[in-house]
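Listed below are the residues making up each chain.
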Amino acid sequence: GIQVEQSPPDLILQEGANSTLRCNFSDSVNNLQWFHQNPWGQLINLFYIPSGTKQNGRLSATTVATERYSLLYISSSQTTDSGVYFCAGRKTNFGNEKLTFGTGTRLTIIP
Amino acid sequence: DSGVTQTPKHLITATGQRVTLRCSPRSGDLSVYWYQQSLDQGLQFLIQYYNGEERAKGNILERFSAQQFPDLHSELNLSSLELGDSALYFCASSVCSDCGYGYTFGSGTRLTVV
Numbered sequence: 035g036i037q038v039e040q041s042p043p044d045l046i047l048q049e050g051a052n053s054t055l056r057c058n059f060s061d062s063v064n065n066l067q068w069f070h071q072n073p074w075g076q077l078i079n080l081f082y083i084p085s086g087t088k089q090n091g092r093l094s095a096t097t098v099a100t101e102r103y104s105l106l107y108i109s110s111s112q113t114t115d116s117g118v119y120f121c122a123g124r125k126t127n128f129g130n131e132k133l134t135f136g137t138g139t140r141l142t143i144i145p
Numbered sequence: 233d234s235g236v237t238q239t240p241k242h243l244i245t246a247t248g249q250r251v252t253l254r255c256s257p258r259s260g261d262l263s264v265y266w267y268q269q270s271l272d273q274g275l276q277f278l279i280q281y282y283n284g285e286e287r288a289k290g291n292i293l294e295r296f297s298a299q300q301f302p303d304l305h306s307e308l309n310l311s312s313l314e315l316g317d318s319a320l321y322f323c324a325s326s327v328c329s330d331c332g333y334g335y336t337f338g339s340g341t342r343l344t345v346v
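Just so you know, the protein sequences line up as chains A and B, in that order. For the first sequence, our numbering gives the first residue as 35, with consecutive numbering after it. For the second sequence, our numbering gives the first residue as 233, with consecutive numbering after it.
Honestly, the hints are just simulated from the structure, not real lab data. Just so it is clear, the structure is predicted and the values come from calculations on it, not from any experiment. A portion of the hints provided could be inaccurate.
[Stated by the list, open to error] So the derived list for chain A, only partly shown, Cβ under 7 Å to chain B, looks like this:
id, residue
1, Leu77
2, Ser109
3, Lys132
4, Phe135
5, Thr137
[To be verified] For each label pair, taking beta carbons as the anchor points, the in silico distance ranges come out as:
id, chain 1, residue 1, chain 2, residue 2, range
6, A, Ser41, B, Gln273, 17 to 23 Å
7, A, Thr137, B, Ile292, 19 to 25 Å
8, A, Ile46, B, Asn291, 31 to 37 Å
9, B, Asp303, A, Gln112, 38 to 44 Å
10, A, Arg56, B, Pro302, 39 to 45 Å
11, A, Gln48, B, Arg250, 29 to 35 Å
12, A, Thr54, B, Pro302, 32 to 38 Å
13, B, Thr344, A, Tyr82, 31 to 37 Å
14, B, Asp330, A, Thr137, 23 to 29 Å
15, B, Asp303, A, Leu47, 43 to 49 Å
16, B, Arg250, A, Leu47, 43 to 49 Å
Beta carbons: idealized from backbone N, C-alpha and C, even for Gly.
With these hints in hand, go ahead and build the complete structure from the sequences.
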């Protein structure tokens with residue numbers, strides 16, 4: 035199966051700062067998603083982005099499929115952005131469609 | 233509320249016991265996925281069902297089994313529980329078998345084995 039590496043593993047920022055989280059894949063994927071797990075454990079789907087760029091408010095994501103990586107940008111960080119950010123990918127083979135998660139980036143925003 | 237309902241939210245049980253976790257997918261979703269999140273293993277895919285049929289299998293132990301019922305809710309059965317089975321168990325649902333959009337997680341069941 036594919037391997038998913040995320041960096042950095044931990045990030046501590048002051049409120050208002052910007053950040054970039056990276057996700058590398060060992061193989062090409064045709065399904066790539068970013069999730070946020072808040073401090074209460076809830077997993078929220080942020081982006082479905084197998085290629086290209088998407089934006090949602092202060093968050094945006096870019097995937098360069100040919101180079102097997104994706105970036106998540108968070109601008110003007112707020113304390114509510116704290117939590118763990120996961121990327122996950124899937125290389126679809128019919129009958130084996132599991133989503134593989136990275137180990138996450140733990141983001142802490144300090145007021 | 234994500235629309236995916238998991239019960240119970242918390243479960244404490246003894247080693248050797250058997251438990252059943254329940255998941256009701258979001259209305260209209262046909263796929264249900266089960267994941268285990270532990271401190272040392274991260275988020276691990278266990279199994280997927282699509283419209284009542286098993287679709288994909290991950291690192292699911294033989295002591296674990298699952299099924300999806302005609303009303304599309306799913307149950308994950310964990311038996312002969314060990315201390316190492318303590319984890320957060322998530323289910324997620326999506327409308328199709330291989331779609332990245334609309335992949336929605338429930339709030340999880342925290343299982344503690346003592």
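Structure-based check of all given hints:
A least Cβ separation of about 4 Å between Leu77(A) and chain B falls short of the 7 Å threshold, and the interface hint therefore holds. The interface hint given for Ser109(A) is violated, since its Cβ lies 24 Å from the closest Cβ of chain B, which is over the 7 Å cut-off. Hint status for Lys132(A): holds, given a least beta-carbon distance of 4 Å to chain B, under 7 Å. Checking Phe135(A) against chain B by beta carbon gives a least distance of about 4 Å; that is within 7 Å, so the hint holds.
At a threshold of 7 Å, the smallest CB-CB gap from Thr137(A) to chain B is about 5 Å, leaving the interface hint in force. As the Cβ distance of Ser41(A) to Gln273(B) is approximately 19 Å, the hint placing it in 17 to 23 Å holds. At roughly 20 Å, the beta-carbon separation of Thr137(A) and Ile292(B) lies within the given 19 to 25 Å, and the hint holds. Take Ile46(A) and Asn291(B): their Cβ atoms lie about 32 Å apart, and the range 31 to 37 Å holds.
A hinted range of 38 to 44 Å holds for the C-beta pair Asp303(B) and Gln112(A), which are about 40 Å apart. Here the CB-CB span from Arg56(A) to Pro302(B) is close to 43 Å, well matched to the stated 39 to 45 Å. A C-beta distance of roughly 48 Å is found between Gln48(A) and Arg250(B), which places it outside the suggested range of 29 to 35 Å. Between Thr54(A) and Pro302(B) the C-beta distance comes to about 46 Å, which lies outside the given range of 32 to 38 Å.
In this structure, Thr344(B) and Tyr82(A) meet the distance hint of 31 to 37 Å, their C-beta atoms being roughly 33 Å apart. Checked against the hint of 23 to 29 Å, the C-beta distance between Asp330(B) and Thr137(A) comes to roughly 24 Å, which is consistent with it. A beta carbon spacing of about 45 Å between Asp303(B) and Leu47(A) agrees with the range 43 to 49 Å that was offered as a hint. Between Arg250(B) and Leu47(A), the C-beta spacing of about 45 Å keeps the proposed range 43 to 49 Å intact.
Against the hints set out earlier in the document, violations occur for numbers 2, 11 and 12.
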